[in-house]
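*Asks:* Given the sequences, and given the hints that come with them, work out the whole structure.
The residues making up each chain are set out below.
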Amino acid sequence: MNKLTPLDLEKMSKEPLDKSKDWIKVGLSSCGIAAGAEDVYNFFTEEVKKRNLKIEIRKCGCAGACYAEPLVEVSVEGLPSVIYGSVNKDVAIKILEKHVISKMLVNDCIFEVLA
Amino acid sequence: MYTKVVLVKDTDLKREDKTREFYTRFLEQLRENNLHEQIQVVRVADIGVYEQGLVVKILPEKITYINVNDSDIKRIIDITFKDGKVIEELNFKPKARQLRVVLRNCGKIDPESIQEYIGSGGYLALKKVLTELGPQKLIEEIKISGIRGRGGAGYPTWMKWDFARCENTLDGKFVICNADEGDPGAYMDRSILEGDPHSVIEGLIIAAFAIGASKGYFYIRAEYPLAVERIQKAIKQAYDYGLLGKNILGSSFNLDLDIRLGAGAFVCGEETALISSIEGRRGTPHPRPPYPSVKGLWGKPTVINNVETLANIPIIISKGGKWFSGIGTATSKGTKVFAVTGKVKNSGLIEIAMGATLREIVVDICGGTLSGKPIKAVQTGGPSGGVIPKELLDTQVDYENLQKLGSIMGSGGMIVMDDDDCMVDIPKFYLGFCVEESCGKCAPCRIGGFQMLGYLKKISEGNGIPEDLGQLRRISQAMQKASLCGLGQTASNPVLSTLKYFETEYNEHILNKRCPAGKCNSLVTYNIIAEKCKRCGICATNCPVNAIPGDKEVGYSIIQDKCSKCGRCFDVCKFKAVLKK
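For the protein sequence lines, the chains are A and B, in the order given. Anchor point for the first sequence: position 78 equals 78 in my numbering, and the numbering is continuous, going up by one each time. Anchor point for the second sequence: position 576 equals 576 in my numbering, and the numbering is continuous, going up by one each time.
Don't read these hints as lab results, they were simulated from the structure. All values derive from a computational prediction rather than experimental measurement.
Okay, the calculated beta carbon distance ranges per label pair: (1) Lys-62(B) x Asp-108(A): 16 to 24 Å; (2) Ser-20(A) x Ala-153(B): 41 to 49 Å; (3) Lys-62(B) x Asp-22(A): 18 to 26 Å; (4) Glu-38(A) x Gln-136(B): 42 to 50 Å; (5) Met-1(B) x Ser-20(A): 17 to 25 Å; (6) Asp-17(B) x Ala-34(A): 26 to 34 Å; (7) Asn-34(B) x Ser-81(A): 23 to 31 Å; (8) Lys-233(B) x Asp-22(A): 26 to 34 Å; (9) Leu-35(B) x Asp-39(A): 34 to 42 Å.
Listed next, the in silico BS3-like pairs over lysine-lysine satisfying Cα-Cα at most 25 Å (straight line): (10) Lys-85(B) x Lys-4(B); (11) Lys-3(A) x Lys-233(B); (12) Lys-3(A) x Lys-215(B); (13) Lys-236(B) x Lys-11(A); (14) Lys-565(B) x Lys-513(B).
Negatives, chain A to chain B, calculated, CB over 12 Å: (15) Lys-21; (16) Glu-47; (17) Lys-50; (18) Asp-90.
Ideal Cβ placement from N, Cα and C applies to all residues, glycine included.
*Replies:* Set out below in structure tokens:
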């Protein structure tokens, strides 16, 4: 890795963060991991591969709502970005089948709507 | 394709959840109006508003309607959906909002990716400092911002930096990030380190540049393995990118960062003890002055900042000190992260602008108590802080206000208590913690804490006498005045504040040998009310000490001598036939 110059840094900061438009972020801090977020993350990556879905699975830190861990943020074009809470495999399947594929928000699992 | 989303949730905890019924009715009416293909209705688990009946949120307009009835659905469809107007009498304007400054990236970026941090504007503050500002202007900017230390004491950050900068030494200065977070129930620093490690590293590099240090340490407790791992990774990435090491970003500034693991002693969060610990000695404090900014690690000028303080630095530089000082109150600028725990509905981390009231934090943002029982008090500042009673919940949170109430801001722990919490038991817990964590170097803390704990135990066991309260106050005073470090000086705060606001509860323990909250085991008895008992026997099967003999014919009763007062019978009885008093 070459050392950065101030100019390189500026250039890098302008590169878009999201490589694809649609993504799922799983909160993987201590609180999330304790609640089973790692399983959820692995499940998402496997399922997306298996079903050949065009969605990026990403990692992030804790968003703060520890009471509802594991937290999963989903951003799909045409739908508001939402955070699902207390996500387990059942909810994860619903997120993929309903939210990602059918473009419908999943009932009873949303804890926060971002925009 | 849907053009609108309608979120619904029943926020009234006192009745049966009506969300499903309402959802079905809403769908029916949408169908009647032939809007069901444009508008999607969703039941949500949390809508961000509490105790306001049925709540409806409409997106993308972000309109929130509260206390909605079935009869309002027609209005919402006609006025809001068809005419695009807001129904004023249902409209809700949120009173309190979180403001994310420190937690700006937590939950947004991958903490293990430096690209994502840079992509969200990271390290641009460092660039600005190195290429434009220089140390003096940088400290000037921090002074304008008005930021004070987030570790607890609230000392102005710029002053620490300026003292250390003005010290002339030939052989080096140091910067240290204090990540030895130890207050029970507080975990803001862990979350920042785990969620956005680069922001803390950037803050530390800027601090080092400000004072002219070439070596820095992260002092993290070993109990935070994931935080340690992520900081380690982040430091390595920063070295790879030339943001640490020699000639940072092509400038003449050099800095090396290292991690030191703490073994989890509470006192090592105190700066002089922390320095001893890094030097490889036993973690005990020593008298100040000289302050670390003059004579710190290895006798050299050292700046020690808390994680949250450092995470604030990059954004202050990027957006300017003026922007930062525009947030908060006259004396306390910026935001504060709180870890709200205890008997609260939504426990977790929240960040608010200084000056928000305790009620806004606990009720409006965190949803009040989980049990639905009224809030009795809120504890802030961990073992060094105090208990604030419900009558004072409208106090604006800042350093001075909390101090006036006999508590402190502390590092940001906030524990919510309801009527089941005993105000003798709470200080007993905190004092027990301080006695265990006292390093034992100075007598007021070592002996005073132990003695005070003895009095509290005596009172909670029903053996207290009225004179004990005077003794508690006297020892507290001695500890406050004569202890060597913050641990001992503040250890009595939980006792003093409960004595101030809940003296009647102490007296109830002492004079009437009664614990109103039912927490102090020695003062509680369990009895089975024969009239209410359905003789199901569930209490008997659950009793761990077999203190409940009986059968379906003769009924059940508790043998008081055998009872260990665990409260299992009280919890399992479905008919409320176990009386606790």
